[in-house]
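**Q** Quick note, the sequences are listed as chains D and H, same order. Using this note's numbering, read the first sequence as starting at 1 and increasing by one per residue. Using this note's numbering, read the second sequence as starting at 562 and increasing by one per residue.
There could be a bad hint or two in this list.
Said to hold, decoys possible - Rough simulated footprint, nothing fancy, chain H against chain D, three-plus residues with beta-carbon under 8 Å:
1) 16-26
2) 109-123
3) 202-213
4) 220-234
5) 536-548
6) 555-561
By construction, these hints were calculated from the structure, which means they are not laboratory data. Cβ atoms here follow ideal geometry from the backbone N, Cα and C, with glycine treated the same way.
Spelled out, the chains give:
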Amino acid sequence: MKQKTDDQKAAARLKKDFKKWHTDIYGSHKERKPHFQTLSGIAIEPLYTPLDTANIDYLKDLGFPGCEPYIRGVHPTMYRGRVWTHRQLAGFGPPEETNNRYKFLLQQGATGINGVFDYPTLRGYDSDDPEVYADVGRGGVAIDTIEDMRVLFDGIAIDKVSVSLVTCQPICNISIQSMYFANAQQKGLSLNALTGTSQNDFLMETAITTAPSVLPPKASFKVSCDAIEFCTQNVPRWNPISFAGYNYREAGCTAPQEVAFVISCAIACCEELIRRGLDIDSFAPRLSYFLSAHNDLFEEIAKYRAARRVYHRIMKARFGATDPRSLMFRFHVQTAGVALTAQQPLNNIARAAYHALSAVLGGAQSVHVDAYDEALCTPTELSSLTALRTQQILQMETGVTNTVDPLGGSYFVESLTNKMEAEVERIISEIDSMGGIVKAVEKGWIHNEIASAAYQYQVDIESGEMPIVGVNCFKIEDEVLPIELFKGPETLLIQEEKLKRNRKDRNSQEAAKALDAITRCCERDGNLMGVIVDAVKTRVTEGEISKTLKAFYGIWHPPLF
Amino acid sequence: MSKRKRILIARLGMDAHWRGSVVVARALRDAGMEVIYIGNQMPEGIVRTAIQESVDIIGLSSLSGNHMILAPEVVQILKREGADDIKVIFGGTVPPEDIPLLKEAGISEVFGPGTSLKKIIDAINSLD
Numbered sequence: 001m002k003q004k005t006d007d008q009k010a011a012a013r014l015k016k017d018f019k020k021w022h023t024d025i026y027g028s029h030k031e032r033k034p035h036f037q038t039l040s041g042i043a044i045e046p047l048y049t050p051l052d053t054a055n056i057d058y059l060k061d062l063g064f065p066g067c068e069p070y071i072r073g074v075h076p077t078m079y080r081g082r083v084w085t086h087r088q089l090a091g092f093g094p095p096e097e098t099n100n101r102y103k104f105l106l107q108q109g110a111t112g113i114n115g116v117f118d119y120p121t122l123r124g125y126d127s128d129d130p131e132v133y134a135d136v137g138r139g140g141v142a143i144d145t146i147e148d149m150r151v152l153f154d155g156i157a158i159d160k161v162s163v164s165l166v167t168c169q170p171i172c173n174i175s176i177q178s179m180y181f182a183n184a185q186q187k188g189l190s191l192n193a194l195t196g197t198s199q200n201d202f203l204m205e206t207a208i209t210t211a212p213s214v215l216p217p218k219a220s221f222k223v224s225c226d227a228i229e230f231c232t233q234n235v236p237r238w239n240p241i242s243f244a245g246y247n248y249r250e251a252g253c254t255a256p257q258e259v260a261f262v263i264s265c266a267i268a269c270c271e272e273l274i275r276r277g278l279d280i281d282s283f284a285p286r287l288s289y290f291l292s293a294h295n296d297l298f299e300e301i302a303k304y305r306a307a308r309r310v311y312h313r314i315m316k317a318r319f320g321a322t323d324p325r326s327l328m329f330r331f332h333v334q335t336a337g338v339a340l341t342a343q344q345p346l347n348n349i350a351r352a353a354y355h356a357l358s359a360v361l362g363g364a365q366s367v368h369v370d371a372y373d374e375a376l377c378t379p380t381e382l383s384s385l386t387a388l389r390t391q392q393i394l395q396m397e398t399g400v401t402n403t404v405d406p407l408g409g410s411y412f413v414e415s416l417t418n419k420m421e422a423e424v425e426r427i428i429s430e431i432d433s434m435g436g437i438v439k440a441v442e443k444g445w446i447h448n449e450i451a452s453a454a455y456q457y458q459v460d461i462e463s464g465e466m467p468i469v470g471v472n473c474f475k476i477e478d479e480v481l482p483i484e485l486f487k488g489p490e491t492l493l494i495q496e497e498k499l500k501r502n503r504k505d506r507n508s509q510e511a512a513k514a515l516d517a518i519t520r521c522c523e524r525d526g527n528l529m530g531v532i533v534d535a536v537k538t539r540v541t542e543g544e545i546s547k548t549l550k551a552f553y554g555i556w557h558p559p560l561f
Numbered sequence: 562m563s564k565r566k567r568i569l570i571a572r573l574g575m576d577a578h579w580r581g582s583v584v585v586a587r588a589l590r591d592a593g594m595e596v597i598y599i600g601n602q603m604p605e606g607i608v609r610t611a612i613q614e615s616v617d618i619i620g621l622s623s624l625s626g627n628h629m630i631l632a633p634e635v636v637q638i639l640k641r642e643g644a645d646d647i648k649v650i651f652g653g654t655v656p657p658e659d660i661p662l663l664k665e666a667g668i669s670e671v672f673g674p675g676t677s678l679k680k681i682i683d684a685i686n687s688l689d
């Protein structure tokens, strides 16, 4: 009892002294602007003290790394045990070229593959479709058939290296992931041996990257859940979804929206898979997350920490998960492409390094650092290597790996984490009250939220409220670019030729039967993935599979404006 | 006072990035223009809608690298249809060396990454 009175006395004294300092000492100095806030608009005070963390119950709210609520990290040892995976994104041109880049990055010390696909592949189009001739091989590697997939991973031990397939949208994922699995089977590997991640996020298809025609939200969501269900039953070490908050952020949303939207997506998936009869702990350990690292260092750190606490609470209280791995928010981070500038591009090396620092101080499981030329072109070998070296310098030279959650207990970081958490919870409740994320997409609410935040961001840059070095301050007029830009290899002719050969050489009856089996699976509302893994072995193309799905489910025009 | 400008905003081909096009579309609307936003289209579809909607300007957006193929095609199809009074402008990720090439191909204005909204609005207002 005496202890409590002493504590209360000390707190009262601190409050009084702080007030005095704030008014008499701090107040007698001028600040350089009228208000300070995070990138998402959370107000920031001049100083944080124990008063700001007085409500925190250490054991309940923070705890220990590797223990609930996992806010201080999902592993007990974090980077003292194993450092984050250096997973650099790569993909361009035909599969032969990208295969060489994968091998180059692995030789240079990358510890995972992060494969990105070209625009037509991501949208479910073949390279010879009349809509796509200008985009083949751009933004990623072109994959049309299982033969392309074989070439892409030729000479790479896919039973040893963890591979992330950045398939973005379900319509792409269902074919591309099936080709990856079927290729492994044809090499004589068991699906049990495969480790990796696929993106497979329905929000990507319906709200974030959108194409001339996309699957309606409900259908896209169903296809996404099919892949999760299939992997849960057949590919137990595969992460069948990576909720792509990174891309939501690139499209314009704020840090708290990013976390709220990924968690709302996860809630929808959990509800659907439970409805299908799966036990929460059979699939939840393999749900994974992909977040952005943007400019505001402390807001980003608070974001990662808050995400772990909110997720833990929801998985436990709402879904009754008991496997510790179901309760852990595990995530990959990519540094923010949208924060890079085309002006004075070498400045982006510094930006991306700060972004990566926030990811590591926030406890990321794997990181991709953007290359300095990404606001201008696909990364060159030199810019990709510099990005990988940025990770290696951060890991090996700065000492940030020496202790777990080094900012835990900081009055400021804990206070900001709490504020971030409250805002994330508020947005999740708002989505819940609309009937969940699929409804929020159908009515265009998500699109409007993201577009409004993107517009505000631009307005803040224009007003000078948000300084961007080289863009609205410290500009160089008539700048001569100091770097060589990437020139993409010829892809269209190569892929067209391969598709022609594929159509001629394959057994066309078998292929037609395989596509028919997909339609029949749609009709009985069965799980599509097993059927498609079999189908791609008959050398049906990605475009043929997508057209079959669109013929059944119809198409949708996202309400972007 | 001149009449309100009507502008069609489209994303070229398979380009995945809508942020820039939607932010610009909102800014133009706020600046008093009539904006028709059609999302991703190929050149034929873009020109068809532009003519149907009797727009003054087509604003093209792409960050995918397809601009050197598709943006000039829009200009050529407008000519073929006798609608080359419609001006074409472009915004997106463009290597600096492509800017003069796009202008030669008949694109009136090219806006690279980091261009201010004000600059875009002023440029559109000064197109006759």
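**Q** Taking the hints in turn, state whether each one holds.
**A** Checked hints:
1. 16-26: violated (count 0)
2. 109-123: holds (count 4)
3. 202-213: Answer holds; 4 residues pass the 8 Å Cβ test.
4. 220-234: violated (count 0)
5. 536-548: violated (count 0)
6. 555-561: holds (count 4)
When each numbered hint is compared with the structure, violations occur for hints 1, 4 and 5.
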